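Protein sequences appear in the order of chains Z and P. For the first sequence, the numbering used here puts the final residue at 191, and the numbers step up evenly by one. For the second sequence, the numbering used here puts the final residue at 137, and the numbers step up evenly by one.
Please note that a few of the clues may not be correct.
[Unchecked claim] Derived BS3-like pairs: lysine-lysine, alpha-carbon spacing no greater than 30 Å straight-line: (1) Z:89 with Z:113; (2) P:58 with Z:64; (3) Z:55 with P:77; (4) P:61 with Z:64; (5) P:33 with Z:130; (6) P:33 with Z:113; (7) Z:67 with P:63; (8) Z:64 with P:77; (9) P:77 with Z:60; (10) Z:60 with P:134; (11) P:77 with P:134; (12) P:134 with Z:64; (13) P:77 with P:58; (14) P:134 with Z:55; (15) P:61 with P:77; (16) Z:113 with Z:130; (17) P:33 with Z:89; (18) P:77 with Z:67; (19) P:58 with Z:67; (20) Z:67 with Z:55; (21) P:61 with Z:67; (22) Z:64 with P:63; (23) P:63 with P:77.
No wet-lab data here; the hints were simulated from the structure. In this text, all values refer to a predicted model and were calculated from it rather than measured experimentally.
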Amino acid sequence: MQNINQMNWIYEPWPWYISGPMIALIMFLLLMVGKNFGMSANLRTMCTICGAGNKADFFKFDWKAQKWNLIVILGAIIGGFIGSHFLTKDMAVAITPNTINDLNELGFNSAGKFYLPNELFETDFLLNLKSILILAIGGLFVGFGARYSGGCTSGHAISGLSNLQLPSLVAVIGFFIGGLVMIHFLFPLIF
Amino acid sequence: MRTLIYLFIGILFGITMFKSEAASWFRIYEMFKFESFHMYGIIGSALVIGMIMVQAIKRFKIKSIYGETIHFQPKVKRYSRYIFGGIIFGLGWALAGACPGPMFTLVGVGYIPILVVILFSVLGTFLYGILRNKLPH
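Chain P extracted, bound-state conformation:
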């Protein structure tokens, strides 16, 4: 049953990524050119609603459907990793035009070349795991 719920949420996510065109390389390029409000509208409105939801969950101590407390993972407050990691991610995001959610959606659309992006993003993650102790965090 839980598996079906996750699958349903994933399908909803995939349809949203495709239909919003957030999975389109062109939209990412356009966003970094500041030539359209589209992507900013998507992220901005998701964020405003998301903030209200998270604050409401915390304030009213809303429980999950299984009756458990909802946990938010606070991010560790050390900043080099966020800025360095963020810049590297941004370079790749603009080049490949896909981030880790939409790249899977594009497999479903039928784009074979996106598999190269996925394969190398797994490889990039592996590389980070290997070099982790040598990097400033």
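Next comes chain Z alone, as it looks inside the complex:
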């Protein structure tokens, strides 16, 4: 039995000091195969594959040159499956009690019990118009904002800042202004 207990660490969530260096390792591996770490570029590639090149020149590029990045996100899907099905037993995310209280007050009773809030990501979500609207608007802003600012968390906050790019610092400050406004001022109005 002791052996089994010793193996349980594999099911635990990763602390920040494992996770952060792993992200740096992923960026390093991509650089070593001659590629740059940036996930939101895939959204543009998907537009091009869907024929958006007919509507705007922004989408006229040889998407096959970005095929490698689509394979990376295919891997990210598989990684999510492996991480949740084989490396995790308890899906609850141990956020701090303060955060749980705040979320309970907003009506998120699933805080501290699951990986994502049931209130937004429940399986019968199609019955809930408000959840769909929230996810749709959130997605729309993420896609629009990432391309407008020229990158997302991976492209700006990790790759860009690692390369000491001032524009990336401005973008990341923007990410935080947007995030803080949403959670501190808009959440009380939305939820």
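Dock chain P against chain Z, hints included.
Chain P in isolation, oriented as in the chain Z frame:
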């Protein structure tokens, strides 16, 4: 062979996003509430190591495994797009609780509703492409 390398890196990325809980809506909310060090520790440590790596690659002219020079794309130095685009991205990131990497990881976990986020983020990208010439950059 190259395809397999990209797939392997992607799988590693997906596992990391899931196990670090960076793909959790709750962690993003907690980060913007400044109630935990977790997300700051992740981004901060990735950044410190990343900076050292990039500087080392530049200084020692380290080549890729295929013997090619490693290129870093400098960002164009015009600032309105970064601040406006950044704020819009931040609003969406906090609302949907997922950025463009983790949203794919969550598909693998089995969350069907995340497909709405992905679909609309592609749509948002398309909208940017259409409106691009009318926006301040």
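| query | Honestly, which of those hints from before does the structure not fit? | reply | none
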